[in-house]
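Asker: All chains, please: the whole structure from these sequences, using the hints.
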Amino acid sequence: MQDSASKNTISGETFELPPQQTRLEEFWSQLRKNRLAFTGLVIFKFFFLVAVVGMILTTGTSPMLDPSLVRLQEKLRPPLSGPNLESLLPEEVPPLRVYLLGTDELGRDVFARMLQGAWVSLTVGFVAVGLAVIIGVLLGGLSGYYGQNSIRVGQVILVLLAMWVALGWSRMSGVYLVILAAMAMVVLASMVLMRGERTYGVFSFLDARLISVDALITSLIDIMLCFPSFFLILTVVALLPASIYNIMVIIGLTSWMGAARFVRAEFLSLREQDFVTAARALGVSDWRIIFRHMVPNAIAPVLVSATIGIAGAILTEAGLSFLGFGVPPPHATWGNILSDGKNYLFDAPWLTVIPGVAILVVVLSFNLFGEGLRDILNPKLRERH
Amino acid sequence: MASDPLLIVNNLKVYFDTEQGVSKAVDGVSYTVRPGETVCLVGESGCGKTVSALSILGLLPQPPAQIAGGEVLFKGRNLLKLAEEDLQSVRGREISMVFQEPMTSLNPVFTIGHQIEEVITNHEGVSHKEAEIRILKLLQDVGIPSPKERIHDYPHNLSGGQRQRVMIAMALACSPDLVIADEPTTALDVTIQAQILNLFRELQEKKGMAILQITHDLSVVAGMADRIYVMYAGIVVEEGSVWQIFRDPSHPYTMGLLESLPGRREKGQELATIPGAVPDPTMKPSGCPFHPRCTYVQESCRDQFPQMCNFGDDHLARCPVIHPERGAQSA
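Quick note, the sequences are listed as chains A and B, same order.
The C-terminal position of the first sequence is numbered 385 in the numbering used here, with every residue numbered one higher than the one before it.
The C-terminal position of the second sequence is numbered 331 in the numbering used here, with every residue numbered one higher than the one before it.
Don't read these hints as lab results, they were simulated from the structure.
A few of these clues could be false.
Quick list of the computed label-pair ranges, beta carbon to beta carbon [said to hold, decoys possible]:
1) R288(A) - K129(B): 56 to 62 Å
2) N378(A) - K129(B): 24 to 30 Å
3) D222(A) - S241(B): 55 to 61 Å
4) L239(A) - H152(B): 51 to 57 Å
5) S241(B) - F291(A): 43 to 49 Å
Computed, partial: chain B to chain A, Cβ under 10 Å [what the hints assert, rightly or not]:
6) L54
7) E84
8) G92
9) Q100
10) Q115
11) E118
12) M167
13) S175
14) V321
Not everything, but these chain A residues come out facing chain B in the computed CB check (under 8 Å) [to be verified]:
15) Q273
16) D274
17) L282
18) V284
19) S285
20) N297
All values reported here derive from a predicted model rather than from experimental measurement.
Note that the Cβ used here is the ideal one computed from N, Cα and C, for glycine as well.
Answerer: Structure below.
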């Protein structure tokens with residue numbers, strides 16, 4: 001069966017197909033060959049497993065490991081020290097009969113707190129950076145690829161109208177309908193304009209060019225970079241209900257500029273490459289060219305900056321938590337264990353070293369994986385390993 | 001030659017807005033390609049041959065380019081007026097293009113099989129397996145040895161000539177009616193050049209597509225073309241069959257080009273050149289654009305734009321001076 005399936009004929013000639021390998025399978029075999037990247041992935045998977053297990057172990061009404069249990073008589077015990085059984089109530093004794101990672105200034109088990117914080121810290125890092133990379137690639141790609149195109153008056157009116165309709169839908173009234181009807185003509189004219197045909201006469205003002213896409217996006221990037229982003233985050237967090245998901249989104253929304261700049265710069269040079277023109281000449285659509293042809297060529301610097309961004313996001317969350325805007329105090333995150341611990345840097349160095357090393361290892365594993373991903377995406381780099 | 005033309009470029013004008021003024025890169029060019037025919041556009045760098053070919057497929061960024069006039073009729077449809085989506089279905093399926101630089105015309109991050117497959121699946125909804133069989137057939141057609149292994153190669157695994165073969169395979173993937181080849185052999189060694197040109201001829205015999213070849217290499221023209229259009233400064237100065245152009249050049253520019261071929265002179269003699277340089281496309285000379293360099297220049301050349309003169313049998317030249325007795329009737 002194998003034999004007959006792999007033999008195929010076309011116009012009388014017989015071809016034997018090479019072994020079928022989907023792109024995903026090829027990706028996997030490449031990843032396995034790249035030992036560093038594979039190690040990175042394994043470590044990274046391990047941490048996610050720890051985060052999930054930790055979430056199960058530390059939540060509920062009577063968790064196995066209670067991260068918020070205060071034992072003032074047992075404060076600042078070094079890692080691997082056993083509990084003083086005489087001074088503790090039976091339910092206060094840690095289940096393993098040892099403080100694996102020591103205790104903090106309130107006698108809370110650091111191991112339990114690290115487990116509880118793992119999920120929040122990992123998701124903050126990845127959701128925020130993932131969001132930043134997505135926004136950055138989209139905006140950078142737009143400004144790099146469509147940069148020369150101008151935004152026209154008609155298009156602005158169209159977008160404003162759409163927003164107005166979306167906002168004012170609930171309070172529909174007679175007057176509103178009349179204005180809407182009047183505007184419909186403008187909309188129609190703008191739609192004609194969007195198809196790339198010229199408009200004449202009364203509507204020719206719709207054709208007027210306002211600003212180029214590139215100028216718009218690069219100035220947006222510059223404006224965003226001008227803000228001290230930590231204070232921007234503080235302001236926004238003060239306005240929004242405090243929730244860890246809001247924080248992730250806000251960190252993501254304020255850190256996409258680096259990725260956007262990288263992608264824009266790469267796209268500006270890639271756009272002029274012959275293979276892009278060749279792809280266009282062979283009828284490949286713009287979206288396919290951007291996402292299938294150009295992004296894999298442009299992604300390397302973005303991945304590198306993203307790996308660093310993850311550490312940055314975990315620490316930003318820690319800073320926010322420290323100021324009382326992030327995760328509310330009894331809940332632990334790696335960031336707030338780290339920032340709480342810095343007051344006891346000399347008396348209890350494990351309070352800073354343990355979360356610090358954990359963040360380092362996560363970042364490192366992602367960095368290794370990112371580097372491997374870059375090599376896989378760019379076949380020219382593969383031979384180096 | 002009696003069949004309906006496949007492609008008619010009629011009085012095409014492509015201008016570029018530059019800081020120095022409007023650059024008239026293509027200024028009223030007309031040519032015709034019939035099914036199964038090889039047409040060559042010849043001219044030196046900057047004469048507008050590539051721009052005119054790119055504008056057929058709507059590949060010029062607008063702005064800075066603007067189509068100032070004319071029409072491009074392909075099977076009766078004006079390609080300049082088509083919407084982008086319709087144009088996308090023409091590109092690759094009905095008209096495809098082979099580029100000058102094989103080293104950069106393939107995407108470095110995908111296997112060549114993947115890139116050819118993209119063209120096929122983009123235009124025809126065929127399964128992965130079916131596409132793969134066709135790719136193997138194509139690679140065999142364009143003379144890639146052991147296509148089964150090569151299909152999973154990346155562009156950097158291949159030599160320049162092989163890459164150009166892959167580009168040709170991509171261009172032929174959907175059996176187009178017209179292949180535009182923009183100096184396909186310029187970046188290659190002379191021996192590889194000959195192979196690629198032979199390949200074009202073979203494939204044309206087999207598949208019957210028309211080829212619009214853009215080149216500055218007269219030896220390529222002599223070997224390939226059914227019909228030649230000589231371009232200078234954005235206009236066609238002479239058109240005719242290979243025989244007519246090489247045996248009976250009727251425009252001073254064509255004569256100059258042929259004179260400057262190395263083979264035409266005795267050994268040790270200095271090569272003939274055309275004096276002067278190509279005019280700046282933003283400031284073209286009045287009258288005949290070639291008159292500042294022309295050895296046959298007359299007073300009327302300086303202010304009268306020459307008409308196409310018909311020398312019979314579709315041999316036309318834009319010069320009333322050289323053969324005034326023959327070129328009496330203007331086309």
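Asker: For a quick check of understanding: which of the numbered hints are violated here, in increasing order?
Answerer: Hints 1, 13, 14 contradicted; others consistent.
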